[in-house]
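Peer 1: Heads up: the sequence shown at position 11 corresponds to -4 in our numbering, and the numbers run straight through without jumps.
Rather than coming from a laboratory, the hints here were simulated on the basis of the structure. Any given hint could be a false lead.
Here are the in silico distance ranges between beta carbons for each label pair [what the hints assert, rightly or not]:
no., residue 1, residue 2, range
1, 23, -11, 44 to 52 Å
2, 23, -12, 40 to 48 Å
3, -13, 9, 19 to 27 Å
4, -14, 22, 43 to 51 Å
5, -12, 21, 24 to 32 Å
6, -9, 13, 21 to 29 Å
Nothing here was measured: the structure is a model prediction, and the numbers come from that model. The C-beta atom is built at its ideal place from N, Cα and C for all residues, glycine as well.
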Amino acid sequence: GNAGPRLACCVIGMSSSSLWNTQAEAVYKTAEEILDPQ
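Could you build all of it, start to finish, from the sequences and the hints given here?
Peer 2: Next up, the structure:
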């Protein structure tokens, strides 16, 4: 089933959570600037 790939994604995501958080923050800021330029 999908348990293997899902578990792998979860483990990878948690092990590099700081990287994901940094990327998400950058994307969020970029989207914010596009939607609401100041």
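Peer 1: Now tell me, hint by hint, if it's right for this structure.
Peer 2: Status of each hint after checking the structure:
no., hint, in the structure
1, 23 - -11: 44 to 52 Å, "46 Å, holds"
2, 23 - -12: 40 to 48 Å, "46 Å, holds"
3, -13 - 9: 19 to 27 Å, "24 Å, holds"
4, -14 - 22: 43 to 51 Å, "46 Å, holds"
5, -12 - 21: 24 to 32 Å, "41 Å, violated"
6, -9 - 13: 21 to 29 Å, "25 Å, holds"
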